[in-house]
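Chain V: place on chain U using the hints.
Now for the letters of each chain:
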Amino acid sequence: MLSCKDVTKLVSESMDRSLPLGKRIGMRLHLLICKFCARYERQLLLIRETARRLAATVEAPGEPLGETLSVEARERIRESIRNP
Amino acid sequence: MAKSATLDPSTWVDRYGDYLFRYAMLRLRDRSAAEDMVQETFLAALKGRGTYSGDASEATWLVGILKHKIADHYRRQFREAPLEGGDLGDHPDAGHFDGTGHWTTGPAEWGGNPADLYRQGEFLDRFRTCLSGLSPKHADAFTLREIEGLGTAEICKVLCVSETNLWVILHRARALLRRCLETSWFGATAGKGS
Chain U
1 MLSCKDVTKL
11 VSESMDRSLP
21 LGKRIGMRLH
31 LLICKFCARY
41 ERQLLLIRET
51 ARRLAATVEA
61 PGEPLGETLS
71 VEARERIRES
81 IRNP
Chain V
1001 MAKSATLDPS
1011 TWVDRYGDYL
1021 FRYAMLRLRD
1031 RSAAEDMVQE
1041 TFLAALKGRG
1051 TYSGDASEAT
1061 WLVGILKHKI
1071 ADHYRRQFRE
1081 APLEGGDLGD
1091 HPDAGHFDGT
1101 GHWTTGPAEW
1111 GGNPADLYRQ
1121 GEFLDRFRTC
1131 LSGLSPKHAD
1141 AFTLREIEGL
1151 GTAEICKVLC
1161 VSETNLWVIL
1171 HRARALLRRC
1181 LETSWFGATA
1191 GKGS
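Residue numbers (this note's numbering), protein chains in the order written: chain U, 1 to 84; chain V, 1001 to 1194.
Rather than coming from a laboratory, the hints here were simulated on the basis of the structure. Idealized CB from N, CA, C, for every residue including glycine. Some clues are possibly wrong.
Short derived list, chain V residues pointing at chain U, Cβ under 7 Å [claimed, not checked]:
(1) V1013
(2) D1018
(3) Y1023
(4) L1026
(5) Q1039
(6) R1076
(7) F1078
(8) P1092
(9) H1096
(10) F1097
(11) G1106
(12) E1122
(13) I1147
Going by beta-carbon spacing under 8 Å, a handful of chain V positions derived as facing chain U [to be verified]:
(14) W1012
(15) T1100
(16) G1101
(17) G1133
(18) L1134
(19) C1160
(20) H1171
List of simulated lysine-lysine pairs, DSS-like, C-alpha gap at most 30 Å [as the list claims (entries may be wrong)]:
(21) K23/U - K5/U
(22) K5/U - K1157/V
(23) K1069/V - K1047/V
(24) K23/U - K1157/V
(25) K9/U - K1157/V
The shape of chain U in the complex, shown without the other chains:
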């Protein structure tokens, strides 16, 4: 019988590879009856989705989120392009 500790590890692992059948079934059964582990899984999936959203947000050109090059870096880079 899998413990919650085992299941948290398997939940993460299942996000990186397809688990062997026995482990997958054990994990799914546990998740059906354990509300904490089910919650844990939902939260890891939310974390995954947030990371993806973050990448998409930063990659959208013109997106105002976040930081910009410092004035000094901008000048330094501009100069290095002029005189490579």
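Same frame as chain U, now just chain V:
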């Protein structure tokens, strides 16, 4: 097709500087490393101008170069300091399990609608703060997997680790991130064991 007409290096910094910088910053979490990476990208682009086919937009072409630069950066870093067994560590939630491995204090209910969370700049900022709080190796493994979206086999090559170790590192990184968000964003008190 007039290739030279589609590339105008004198406008690069103004048009793409911040965009490339944000891209690098999200992956490297270090301002000066990200700035260097942007500079290197423009210089490599300048040198390789002749190879620009015009199939992709200028922005896409530049990001492609930046991606390579970032991958090289990771490879260099981990060749110099490969991951060690000690980085695997204990289960990050170890203190929250009893002797038989069952939750004593389980994950808290976060509540709210995930779709709303993603739209909140502050939540994304908090997420990045939590990510920066991990050890560089955990943060980098997570970044390559979930932000860069690489497969595990490829990440193993970059980080010089076995696949089994990578699974453990990612498990740890996710668990630490989860805990950081739970306490710092949701300010939640953990659920009691049942």
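Hint check results:
With 7 Å as the threshold, the beta carbon of V1013/V comes within range of chain U, its nearest partner Cβ sitting at about 5 Å, so the hint holds. Contact between D1018/V and chain U, as hinted, is supported at the beta carbon level, the nearest pair being about 4 Å apart and thus within 7 Å. The interface hint given for Y1023/V is met, as the beta carbon of that residue sits about 6 Å from the closest beta carbon of chain U, less than 7 Å. Taking 7 Å as the C-beta cut-off, the interface hint given for L1026/V holds, the closest approach to chain U being about 5 Å.
Residue-level restraint check for Q1039/V holds (minimum Cβ-Cβ distance to chain U is 5 Å; threshold 7 Å). At a threshold of 7 Å, the smallest CB-CB gap from R1076/V to chain U is about 21 Å, leaving the interface hint violated. Look at F1078/V: its Cβ only gets to about 18 Å from chain U, farther than 7 Å, so that hint breaks. Given hint, P1092/V at the interface with chain U, is violated; its Cβ is 9 Å from that chain's nearest Cβ, farther than 7 Å.
Using the Cβ-Cβ criterion of 7 Å, the hint placing H1096/V at the interface with chain U is not satisfied: the shortest such distance is roughly 9 Å. For F1097/V, the suggested interface contact is upheld, since its CB lies about 5 Å from the closest CB of chain U, less than 7 Å. Taking 7 Å as the C-beta contact cut-off toward chain U, the hint placing G1106/V at the interface holds, the least distance being around 3 Å. Interface restraint check: E1122/V against chain U, minimum CB-CB distance 11 Å, threshold 7 Å, status violated.
Interface hint at I1147/V: satisfied, since its Cβ lies 5 Å from the closest Cβ of chain U, which is below the 7 Å cut-off. Given the 8 Å rule on beta carbons, the hint for W1012/V holds: about 6 Å separates it from the nearest Cβ of chain U. Nearest Cβ of chain U to the Cβ of T1100/V: about 6 Å, under the 8 Å cut. The hint holds. About 3 Å separates the beta-carbon of G1101/V from the nearest beta-carbon of chain U, less than 8 Å, and the hint is met.
Interface hint status for G1133/V: violated, as the beta-carbon distance to the closest one in chain U is roughly 14 Å, over 8 Å. Hint status for L1134/V relative to chain U: violated, with the closest Cβ pair at about 12 Å, above 8 Å. The interface hint given for C1160/V is broken, as the beta carbon of that residue sits about 17 Å from the closest beta carbon of chain U, more than 8 Å. At a threshold of 8 Å, the smallest CB-CB gap from H1171/V to chain U is about 4 Å, leaving the interface hint in force.
Between K23/U and K5/U, the direct Cα distance comes to roughly 14 Å. Compliance with the 30 Å bound is thereby established for this hinted pair. Note on K5/U and K1157/V: the hinted pairing holds, with a Cα-Cα distance of about 28 Å set against a maximum of 30 Å. Among the hinted pairs, K1069/V with K1047/V is consistent with the structure: their alpha-carbon atoms are about 14 Å apart, no more than 30 Å. Among the hinted pairs, K23/U with K1157/V is consistent with the structure: their alpha-carbon atoms are about 26 Å apart, no more than 30 Å.
Using a Cα cut-off of 30 Å, the hinted pair K9/U and K1157/V holds, with the two alpha carbons roughly 22 Å apart.
In this structure, the earlier hints numbered 6, 7, 8, 9, 12, 17, 18, 19 are contradicted, and the remaining ones agree with it.
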